[in-house]
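A.B. asks: Using the sequences and the hints given, assemble the complete structure.
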Amino acid sequence: MTTALSITGLKKSYGRKVALKGLNMKVPKNTVYGFLGENGAGKTTTFSILGGFISANAGTFDMPGKMGMLPQDARFGVGRRIDSQLKILAKLSGVESSKVDSEIKRVLKAVNMEGSAKVPVNKCSHGMYKRIGIAQALLGDPDILLFDEPTAGLDPKNAHDIRHLIQTLNHNRTVVISSHNLAEIEQICDHVGIISKGEMVYEGPVEELVSQNTELNFKLSEMPNLKTIEKLKGINKASWSEEEKCCHIEFNHEVLTTEAANALILEQLLKDKIGVRSINSGNSLEHEYLKKLNLD
Amino acid sequence: MLLGTPALILMIHYDKLAQENYDGTFRYYLFRTSRAKIYWSKFASALAEIALITLTATLIAVLYGHFKLDNFDTLKVLGYSLKYWLAGITPLLAFSSMVFMFSSWVKRPFLALLLSAATVIGAGVIMNWYPWMSPFNLDYWKGLFVPGTQLMLNSVLIYLGYTALFSTLGFLIFKKRDL
Amino acid sequence: MKAFLILFKDNLLTSLKSKKTIFFLVLYVVIFALAIHVVEEVQQEAIRRVVNQGGIDPELYRMSFNFMVEFLKLNSNDIVQSFLSVPL
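Residue numbers (my numbering), protein chains in the order written: chain L, 1 to 296; chain W, 1 to 179; chain F, 1 to 88.
Treat the hints with care, as some may be off.
Stated by the list, open to error - Heads up, simulated DSS-like pairs for lysine-lysine below, C-alpha to C-alpha not over 30 Å straight-line:
#, chain 1, residue 1, chain 2, residue 2
1, W, K76, F, K2
2, F, K20, W, K107
3, L, K11, W, K76
4, L, K219, L, K233
5, L, K17, W, K107
Claimed, not checked - Just the calculated beta-carbon pair ranges, DEER-fashion:
#, chain 1, residue 1, chain 2, residue 2, range
6, W, T168, L, D73, 26 to 32 Å
7, F, K20, W, L172, 41 to 47 Å
8, W, L169, F, K20, 21 to 27 Å
9, F, K20, L, G94, 30 to 36 Å
10, L, E96, W, W132, 51 to 57 Å
None of these hints come from the bench; they were simulated from the model.
These numbers were taken from a predicted model, which means no experiment stands behind them.
Ideal Cβ positions, reconstructed from N, Cα and C, are used throughout, including at glycine.
C.D. replies: Okay, structure coming up:
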């Protein structure tokens, strides 16, 4: 596996508070990597070290390609126009003077802001600001993009557009996204790293994580006989939520595949003449994430 | 003039680093270039700005004299003015470096202004006991207005010394701090 | 070096275009003009005293420049008075 970013034993403390306890991380090349963790787990600290905003106390990282970044809590120069701000950043990204204007057009087009080049940055809405943030990260066509909370604080429409945009960026390029939004990560990432209290607790393909899923949720017309279900081979536990009219089932993945568990329970429910409204396989990434953090 | 010049410098420079640090603007630059380039380019442009402001003001003053004063030998006065300007900007560089140091130290621009102002006042107070330590030492200032003398050379060197000291300290702080 | 020059140029142009800088430039010019105005008074007196020299004596100009420096500490009347006390 070729890695676009490799972090080894990264440590950082702020006074007595330890933010990173020796973080190890490997981001495969040309993947969209979701960097997950609770508030204060060390995600932004990691990004800040990679961006050179702060220095690590120990550890190393190797990022062979050119980097673009959307930092958190960063504002552009007050009173500057979008194109003027992007111009200086493009030059610093190594774009040749003769190609700066076309590069600015390219990145603004990528974020659907072609007509806004002359707008002063302080007149931009929160959504526009995020887009410009992403646009500046794309300057100079970097090999790896680091996005720190790209959809934080955005309304659903803007967040959707940004997600869609990120999905289009993954051509011959690695994208690392830190986010609290697990549905978002599940939707756009193919790899995931879960950080807790400054340490990596899981790293691997999203599919692999989700396939370890051992739960099913059945929305039913009425409460089934839970004891009968629990007696079925491979079923560990069944519980009922009256409020949601939902039967939550945990099964043993070594005994049953998800499909087999589904069929087994459906058969029992039909036998008991209980109407089935919907079935879904647990809480997928969210559930696995909470399990990895021991919060479930 | 003694207080006016540092006050001008304070007002122009106090937020040069602190504001961008406070806003996080540096983060867009830091992954593209080094801290040294960011700091020294800011510093050099700030000095150039002060030099340009005072040069413009000097030239306007000479023009004013040309049209307003009788028997005004404009060329001769221009020559003198430029010499005075060259010598006269050295204390401005020293004060700029001091403000830069505070601006790189604290994150809140207003705090940088307060600290710089306090230091200027402190330097004024120090002058009563240790005149050689204070940039307000009148001997240093007077020397600047006696072109071609050892006195002027000493004054210029002293202010360049202050500039080197403050700007280096400012850079070391900027290099180490979290941004 | 290239990045340094890019940043230097950008910083300088941004600063020079800022309202704050323009305000202080105007303020500085006003202070200079005021000081020159005082010099004007001083020079009138100097010219009256050195009638035969034709033009402004550099040494006198130097002195009047020093008075300009003193200007903000004293009022213009003090400057004229102190100039008049300079032995010629």
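A.B. asks: Now tell me, hint by hint, if it's right for this structure.
C.D. replies: Outcome of the hint check:
1. W:K76 with F:K2: violated (39 Å)
2. F:K20 with W:K107: holds (20 Å)
3. L:K11 with W:K76: violated (65 Å)
4. L:K219 with L:K233: Holds - the C-alpha atoms of K233 (chain L) and K219 (chain L) are around 21 Å apart, at most 30 Å.
5. L:K17 with W:K107: holds (21 Å)
6. W:T168 with L:D73: 26 to 32 Å: Given about 30 Å between the Cβ atoms, the range holds.
7. F:K20 with W:L172: 41 to 47 Å: 27 Å Cβ-Cβ, so the 41 to 47 Å window is violated.
8. W:L169 with F:K20: 21 to 27 Å: holds (25 Å)
9. F:K20 with L:G94: 30 to 36 Å: holds (32 Å)
10. L:E96 with W:W132: 51 to 57 Å: holds (52 Å)
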